[in-house]
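Chemist: So the chains spell out like this:
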Amino acid sequence: MKRFLNILLILCLSLVSVSVFAEEEKEEEGAFNAKDVIFSHIGDAYEYHITEINGHPIAVPLLVIVRSAERGWFVFGANKVTHGDTYNGFYIAKGGNYDGKIVEVNSKGEVVRPFDMSITRNVFALLLSCTILILIFVPMSRKYQKEPLSAHSKGHNMLEAVILYIEKDVIKPALGENSARFAPYLLTVFFFILLNNLMGLIPIFPFGANLTGNISITMVLAVITYLITNICGTKEYWKEVLWPDVPMFLKAPIPLMPVIEIISTITKPIALMIRLFANIFAGHMIILVLTCLIFIFAASMGIAVAAGVSVISIAFSLFMYCLELLVAFIQAYVFTMLSAIFIGLAQVKEEMRNEK
Amino acid sequence: MNLFLPDSGLVIWMLIAFIILFVVLAKFAWPGILKSVSSRQEHIEESLRKAEEAAKTLESLEEKGNKIIADAQAEQLKMVQETKNLNKQMIAEAKAKAESEAAKIIEAAQEQIKTDKENAIKELRKEVAALSIEMAEKVLKKELSDKKAQTQYINTLLAGMDKDTPAS
Chain A
1 MKRFLNILLI
11 LCLSLVSVSV
21 FAEEEKEEEG
31 AFNAKDVIFS
41 HIGDAYEYHI
51 TEINGHPIAV
61 PLLVIVRSAE
71 RGWFVFGANK
81 VTHGDTYNGF
91 YIAKGGNYDG
101 KIVEVNSKGE
111 VVRPFDMSIT
121 RNVFALLLSC
131 TILILIFVPM
141 SRKYQKEPLS
151 AHSKGHNMLE
161 AVILYIEKDV
171 IKPALGENSA
181 RFAPYLLTVF
191 FFILLNNLMG
201 LIPIFPFGAN
211 LTGNISITMV
221 LAVITYLITN
231 ICGTKEYWKE
241 VLWPDVPMFL
251 KAPIPLMPVI
261 EIISTITKPI
271 ALMIRLFANI
281 FAGHMIILVL
291 TCLIFIFAAS
301 MGIAVAAGVS
311 VISIAFSLFM
321 YCLELLVAFI
331 QAYVFTMLSA
341 IFIGLAQVKE
351 EMRNEK
Chain B
1 MNLFLPDSGL
11 VIWMLIAFII
21 LFVVLAKFAW
31 PGILKSVSSR
41 QEHIEESLRK
51 AEEAAKTLES
61 LEEKGNKIIA
71 DAQAEQLKMV
81 QETKNLNKQM
91 IAEAKAKAES
101 EAAKIIEAAQ
111 EQIKTDKENA
121 IKELRKEVAA
131 LSIEMAEKVL
141 KKELSDKKAQ
151 TQYINTLLAG
161 MDKDTPAS
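In the order they appear, the protein sequences are chains A and B. All residue numbers for the first sequence refer to the numbering used here, where the first residue is 1 and numbers rise by one. All residue numbers for the second sequence refer to the numbering used here, where the first residue is 1 and numbers rise by one.
Since the hints were derived computationally from the structure, they do not count as laboratory data. Backbone N, C-alpha and C define an ideal beta-carbon position, used for all residues, glycine too. Fair warning: there could be bad hints in the mix.
Stated by the list, open to error - Below 20 angstroms or equal to it, Euclidean Cα-Cα: the simulated SDA-like pairs (lysine to any residue) are: (1) B:Lys35 <-> A:Val138; (2) A:Lys143 <-> B:Gly32; (3) B:Lys35 <-> A:Cys232; (4) B:Lys35 <-> A:His152; (5) B:Lys104 <-> B:Ala94; (6) A:Lys268 <-> A:Pro244; (7) A:Lys143 <-> B:Val24; (8) A:Lys146 <-> A:Ile136; (9) A:Lys146 <-> B:Arg40; (10) B:Lys35 <-> A:Gly176; (11) A:Lys172 <-> B:Ser38; (12) A:Lys143 <-> B:Lys27.
As the list claims (entries may be wrong) - Part of the chain A face toward chain B, derived, beta carbon under 10 angstroms: (13) Leu127; (14) Tyr185; (15) Ile204.
Next comes chain B alone, as it looks inside the complex (with noise of 0.2 angstroms):
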């Protein structure tokens, strides 16, 4: 049966066609599209490599970041503290030197109440023994003038020693 044997004239025509085909997608089709494939999957895969750096460097930078903010808060978190307690040093200090200078001044106040006083007394002990010594001429010169007088008072002082004489 003839379905069975090759046909030579299609033979002929198809090494023809065939070749024709085999040579025309060899040169213009199959290496274009295979190398514009495998140019695109290398891009890909550069272009995927490169999102995975930047997610790398990203996290990276962020995790900085946040180590930064750390570290600036506990830095402020001290000053705080710093300016705290030199705050309550200072306030403790000045309190001191406040307490030490009024307890200073009220001794000196205190220092002087006591001089000024003791002055004013011998002041007034000077004025009292003057005034004294003033009434006491004047009430001697009184007396004085009296004779009468004078004689009785010296006769009670007399009286008055005598008496004390055997007292004593």
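Here chain A stands alone, though its shape is the one from the complex (with noise of 0.2 angstroms):
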């Protein structure tokens, strides 16, 4: 526990450390600005960036891929285009509608959006974060095929034990003999989302992109579990959902009951979005103001005071670092549990509506 605390403090000083070098450059040009900062980390970019020496950026470069609806598929690195430079007619906006996204202007003179299919960094976190999933649990498999009955390493022994609990606390329980079913996706699922919640943790370079509190993903994931729900659902699914056990009045001759219950398909899944982005985004937000009060401080109030200040934001991110690790637990654990209720509730059977 020590170890991990003195780990934990390492990170934060190493955020705290990035944002120094960030802020620099801002400060001589004026005011800190906090909110550019802090978006800067919560969003996406063309680029790791990791900190920057004597107003010179250290940043990893990643790949922009583009498609200009007029000219065609363009590939490059994306150091050509970060420094406010043009190349091939992309260049990245300031401000605006496509604020920090790659732009061209089109023969009209507008100014257009490509198709972006860039490597940003979360897109960089998202194959780096699939790709150790896979390194992970494909040889962990192979390995507990081949020898099923020996004594396993530390490592697969409390994989072993999440992924059981998982499987047995939260899967059967809601799906029950449709479990074998469902279970490698709600697994998946587990797995992807508290792998990328521990990696938006840590704040060095190949890790720290915030990839669950950025709605696209969330949207993906809730999409797939929407679909699933629903094309998994059986007969008496739809027939609930369409032509509910209620008076008629209520059916016909305005369908609200089955106007009402497909709304309720759709805000399910939705909660399910809102909730893991929020969440992660949120956490997020709070280290990174709780850091940046200590630049504004500094700017504001001398040296003197944001030393004592830095004292008091580093204990307070150093607790939200902690919950934070909980909340990453807690956020996969809810989305899988509440993703095998909702597919669960979709696996009526004849027997149980007459049951109830």
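Quick one: dock chain against chain with the hints and give me the complex.
Modeler: Here it is in structure tokens:
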């Protein structure tokens, strides 16, 4: 536990140091803009910004893949556009609708957004996390199949405990006999969210992207859960949705209940999407705000006050980090559990209806 | 604010990456791990059941063994008792037999002794009679040779007879 706290402390400090260098330049330009700093950390970017030394940013540029509506596909390194340069007519917009995104000027002279498939920081984190998951679980499965009865390594035992916990206490109670059919999806979702939550908490280069706090990611996950729920739903489930067991005047001539039921099927995944997004987003935001407080005080009240504030700030962000570790697990758990419950509710059978 | 708007590029990458991840893990990871774990669980349950059975068998065997030992001990005790009894009986019988035998022998001996004694007495009597006759003969022979004395003796005898007759 002590070691773990030490690691957390180091992580906090490194986050602070990243911010220190990030802020210096802005302070020279004028007032310290906490909003820009926070949203640049939370949002997406075309490069992995590590630090800035004497005004020279140290960043890992990623790959830009764009398709212009008029000129076709372009693939180039992000370092060609990240310093305000223009490459082949593409540049990163500042302000406006497309703030921070790659845009181009088309033949009519309008600023338009090309179709953007760039490997941004989030895409990089996404691919990295998927690779890590595959590299962890495929060899683990192979080892388990080869030697089902031998003692496994500590890491495998730990993962096994988590897998069994999710399978036995989350998936089985919600899905019953159908659990084997949906367990692969739910386990994948759980470990995908968990790993990305944890990776998002590590503020050093290959990690630190705010992936599960990005609405695109949570939307895709929620849509997949929605599709699985409704495509694999039984006939009885559809009957409950479209022709529920209520007095006739609620169903016809105005289909009041069916409309409410259909809306409720949609609100469930929307709640899933927002819950995960907002939790992780807010966690990152709080830690960043606590860190930015130091620089706000430094800019307005001097270094001495900032030094005092930094102690409090770091103590609070340490606390928040511990909380976020908990949240990382809880949100993965909640998303998996609710997905399992939604899928399970769509697996109603005729006998079960009669029992009710 | 674009933070709350899904980004098409990220959505597409997410779809591709997540579906690949799902397919790979669903095909190569989860079934293997879950199957292996459940087979191990079955193995453990089976082993536990077997162990329990073995313990039960052992217990019953132990019980059986104890019973056999107890039976054997009882048997032994009984046999010892029987042997003792037999022994006593035999000794008693032997004693009785010996006593009766001894009594018989003694009786026979006494009988013999009696007969012998009687015989000896008879013999002795015969001998004494013969001896007295012989002596009498010798005395008579001697007496007869001396006429004077003889006459005297007869006289005494006669005198004695006379005396006796009035008395009787």
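Chemist: Compare the structure with each hint and give your call.
Modeler: A quick look at each hint next to the structure:
1. For the given pair, B:Lys35 sits about 14 angstroms from A:Val138 by alpha-carbon distance, which is consistent with the 20 angstroms threshold.
2. Restraint check: the Cα-Cα separation between A:Lys143 and B:Gly32 comes to about 9 angstroms, which is no more than 20 angstroms; the hinted pair holds.
3. A C-alpha spacing of about 24 angstroms is found between B:Lys35 and A:Cys232, which places the hinted pair above 20 angstroms, so the restraint is violated.
4. For the suggested pair B:Lys35 and A:His152, the alpha carbons sit about 15 angstroms apart, so the restraint of at most 20 angstroms is met.
5. The suggested pairing of B:Lys104 with B:Ala94 holds, with an alpha-carbon distance near 15 angstroms, which does not exceed 20 angstroms.
6. At most 20 angstroms may separate the alpha-carbon atoms for a hinted pair to count; A:Lys268 and A:Pro244 meet this at roughly 18 angstroms.
7. A threshold of 20 angstroms between alpha carbons decides the hint, and for A:Lys143 with B:Val24 the separation of about 16 angstroms falls inside it, so the pair holds.
8. Only pairs whose Cα atoms come within 20 angstroms are accepted, and A:Lys146 paired with A:Ile136 is accepted, the gap being roughly 16 angstroms.
9. This hinted pair checks out: A:Lys146 and B:Arg40 have alpha carbons roughly 12 angstroms apart, not beyond 20 angstroms.
10. Distance check on the hinted pair: B:Lys35 and A:Gly176 sit about 17 angstroms apart at the alpha-carbon level, within 20 angstroms; holds.
11. For the proposed pair A:Lys172 and B:Ser38, the alpha carbon gap of about 14 angstroms is at most 20 angstroms, so the pair holds.
12. Distance check on the hinted pair: A:Lys143 and B:Lys27 sit about 15 angstroms apart at the alpha-carbon level, within 20 angstroms; holds.
13. A least Cβ separation of about 6 angstroms between A:Leu127 and chain B falls short of the 10 angstroms threshold, and the interface hint therefore holds.
14. Satisfaction of the interface hint for A:Tyr185 is found here, the shortest Cβ-Cβ separation to chain B being roughly 6 angstroms, below the 10 angstroms cut-off.
15. Hint status for A:Ile204: violated, given a least beta-carbon distance of 22 angstroms to chain B, over 10 angstroms.
In the structure shown, a violation is registered for the earlier hints numbered 3, 15, in ascending order.
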